[in-house]
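J.: Sequence:
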Amino acid sequence: MDIGKYFKNLTIELESLKDRVRHYIKNNHWQSDGEWKESVLRTVLKRHLPKNIGVGRGFIANIDHASTQIDVLLYDNSKPILFQDGDFVIITPDTAKGIIEVKTKIRGKKDLRTAINKISEIAELTNPTPGIGKDQFFGLFSYEDCLSNHDVVLEILQKCVNGQRQRVVNCISLGKHYFVRYWPTRPAGQFSKWHSYHLENKAPAYFIHNVIDHLSPKWASDNIDVWYPEDGKENHKTGEIILPLPHQITD
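Using our numbering, you'd call the opening residue of the sequence shown number 673 and step up by one each time.
Hints were generated in silico from the structure; no laboratory data involved. Even for Gly, the Cβ is constructed at its ideal location relative to N, Cα and C. Check the hints yourself; a few may be wrong.
Unchecked claim - List time: in silico SDA-like cross-link candidates among lysine to any residue, alpha-carbon distance up to 25 Å:
| id | residue 1 | residue 2 |
| --- | --- | --- |
| 1 | Lys865 | Glu793 |
| 2 | Lys677 | Pro722 |
| 3 | Lys690 | Tyr850 |
| 4 | Lys677 | His849 |
| 5 | Lys677 | Glu872 |
| 6 | Lys677 | Asn907 |
| 7 | Lys790 | Tyr850 |
| 8 | Lys890 | Trp855 |
| 9 | Lys905 | Trp891 |
| 10 | Lys751 | Arg729 |
| 11 | Lys782 | Gln830 |
| 12 | Lys751 | Phe731 |
| 13 | Lys806 | Lys831 |
| 14 | Lys723 | Asp759 |
| 15 | Lys680 | Phe731 |
| 16 | Lys890 | Leu721 |
| 17 | Lys790 | Pro800 |
| 18 | Lys777 | Leu819 |
| 19 | Lys831 | His867 |
| 20 | Lys790 | Leu754 |
| 21 | Lys905 | Asp674 |
| 22 | Lys831 | Pro800 |
| 23 | Lys790 | Pro901 |
| 24 | Lys680 | Asn873 |
| 25 | Lys806 | Pro856 |
| 26 | Lys690 | Arg779 |
| 27 | Lys690 | Leu717 |
| 28 | Lys723 | Trp891 |
| 29 | Lys781 | Glu710 |
| 30 | Lys890 | Gly676 |
| 31 | Lys909 | Asn873 |
| 32 | Lys782 | His822 |
| 33 | Lys690 | Leu721 |
| 34 | Lys905 | Leu721 |
| 35 | Lys806 | Ser893 |
| 36 | Lys865 | Ser888 |
| 37 | Lys718 | Tyr678 |
As the list claims (entries may be wrong) - Label-pair restraints from in silico Cβ distances:
| id | residue 1 | residue 2 | range |
| --- | --- | --- | --- |
| 38 | Thr715 | Trp891 | 16 to 22 Å |
| 39 | Asp807 | Glu827 | 23 to 29 Å |
| 40 | Ser820 | Gln741 | 28 to 34 Å |
Using the sequences plus the hints, can you model the full thing?
T.: Shown next as structure tokens:
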């Protein structure tokens, strides 16, 4: 089994599918192009996630207010749904299993900050009580990466989350190579932190497999040898930053 080659092939598949709509309509309707890219990621996730986890798009709502629109909404199929039409759903926070913000490209620091803040706000709505390892997954997936300095990704993450565990973003994938993962207590029992990695042509695959790992951790742990490449990713770490306590945050 060559899991590393499979990860690279999955990246190639996403790369080949992402512009399929744009080839026909060019720049005549960016919304349709963006919706297609979101559907590509949803389709890939549906291949792997167990049937008790729904994959759609829509909103999370409680008695007070609703979230902004969610590109990829993962939810518990065993619980009631407020509203559903095809893959469009409106659910309550306790039904949510995760959310993913999908972008064609992150053009700079402002784009990144806006995207992370959106995810963190939905995370806080979904699970307002802090927890060391939340059951829900919150991630940012961008098909293309236009950031010239990746060190700023960790800094922006730290500032947007602001030491609040309920606002944590679990994973970020930017383009084909750059990946970020949040470690609540691991590896080696260290403080909660994010690690960044340069994973040549593997970042999107690592993101997808981390979604499933997060939602089915025991299965992923029991089958680690067929779920991730043998060499892992820690040898490709490019940086790290801690999740400080709120009182430790300084401007």
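J.: With reference to the structure, classify each hint as holding or not holding.
T.: Now the hints, each set against the structure:
no. : hint                           : result
1   : Lys865 with Glu793             : holds (19 Å)
2   : Lys677 with Pro722             : holds (24 Å)
3   : Lys690 with Tyr850             : holds (18 Å)
4   : Lys677 with His849             : holds (14 Å)
5   : Lys677 with Glu872             : holds (11 Å)
6   : Lys677 with Asn907             : holds (17 Å)
7   : Lys790 with Tyr850             : holds (20 Å)
8   : Lys890 with Trp855             : holds (16 Å)
9   : Lys905 with Trp891             : holds (19 Å)
10  : Lys751 with Arg729             : holds (16 Å)
11  : Lys782 with Gln830             : holds (15 Å)
12  : Lys751 with Phe731             : holds (15 Å)
13  : Lys806 with Lys831             : holds (20 Å)
14  : Lys723 with Asp759             : holds (14 Å)
15  : Lys680 with Phe731             : violated (32 Å)
16  : Lys890 with Leu721             : holds (14 Å)
17  : Lys790 with Pro800             : holds (15 Å)
18  : Lys777 with Leu819             : holds (9 Å)
19  : Lys831 with His867             : holds (15 Å)
20  : Lys790 with Leu754             : holds (22 Å)
21  : Lys905 with Asp674             : holds (15 Å)
22  : Lys831 with Pro800             : holds (18 Å)
23  : Lys790 with Pro901             : violated (31 Å)
24  : Lys680 with Asn873             : holds (5 Å)
25  : Lys806 with Pro856             : holds (9 Å)
26  : Lys690 with Arg779             : holds (17 Å)
27  : Lys690 with Leu717             : holds (15 Å)
28  : Lys723 with Trp891             : holds (14 Å)
29  : Lys781 with Glu710             : holds (22 Å)
30  : Lys890 with Gly676             : holds (22 Å)
31  : Lys909 with Asn873             : holds (15 Å)
32  : Lys782 with His822             : holds (14 Å)
33  : Lys690 with Leu721             : holds (21 Å)
34  : Lys905 with Leu721             : holds (22 Å)
35  : Lys806 with Ser893             : holds (17 Å)
36  : Lys865 with Ser888             : holds (21 Å)
37  : Lys718 with Tyr678             : holds (17 Å)
38  : Thr715 with Trp891: 16 to 22 Å : holds (21 Å)
39  : Asp807 with Glu827: 23 to 29 Å : holds (27 Å)
40  : Ser820 with Gln741: 28 to 34 Å : holds (29 Å)
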